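Asks: Sequence:
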Amino acid sequence: MQYNRVVAVKQEATFSYAFYPSDQFAGRPLGLVVELHYEDNDGKAFVHSVFNETVTIIEDESNFNTETGFLYVIFAAVVVLILLAGQHFLSKLTRKHGMAKSRQAQPIEMGTGNKNEVDFEWIPREILNHSKSPKGVPRQRKQAQRT
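Counting in this note's numbering, the sequence shown runs from 5 upward without gaps.
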């Protein structure tokens, strides 16, 4: 759009101009001044203030606000940390004062104590009669000399 136009005497003209303020200005009052610079046929320049007021730029509430989202995430993390610290403190407190339930020791299977308790009936006889391996320390064999 061209803003440098000639407007005839006793005529009106409309000019539109769109501007997009930064998000940093949202929620703050700002002074907005719109000045019209024009000149007559003789080349004499004039400046006229068309608009001079304080305006407030509002936030766009239609989409996700990252600042609020991160605030909720931080708040949830703080709540979780408080709960974990409370649980840790309570567990130490109950152990220290003996308030925790005493657990009964479960019996551990140790096998048979002596040979008289073993039931050999299910093992085949040829396995029981088989010669057992020697229980001594294995000795090292001498290597044959090579010539």
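It is worth saying that the hints were derived from the structure and are not from the lab.
The structure displayed is predicted, hence computed values, not measured ones.
From the three backbone atoms N, C-alpha and C, an ideal C-beta is built for every residue, glycine too.
Check each hint, because a few of them may be wrong.
Unchecked claim - In silico DMTMM-like links for lysine to aspartate or glutamate, alpha-carbon gap of 25 Å or less:
#: 1; residue 1: K14; residue 2: E43
#: 2; residue 1: K14; residue 2: E63
#: 3; residue 1: K48; residue 2: E71
#: 4; residue 1: K48; residue 2: D27
#: 5; residue 1: K14; residue 2: D64
Unchecked claim - Here are the simulated distance ranges between beta carbons:
#: 6; residue 1: F74; residue 2: P25; range: 49 to 57 Å
#: 7; residue 1: V37; residue 2: N8; range: 43 to 51 Å
#: 8; residue 1: D64; residue 2: G35; range: 17 to 25 Å
#: 9; residue 1: D64; residue 2: L85; range: 31 to 39 Å
#: 10; residue 1: F79; residue 2: T58; range: 14 to 22 Å
#: 11; residue 1: L94; residue 2: V122; range: 44 to 52 Å
Asks: Against which earlier hints does the structure fall short, listed by number upward?
Replies: 2, 3, 4, 5, 6, 7 and 10
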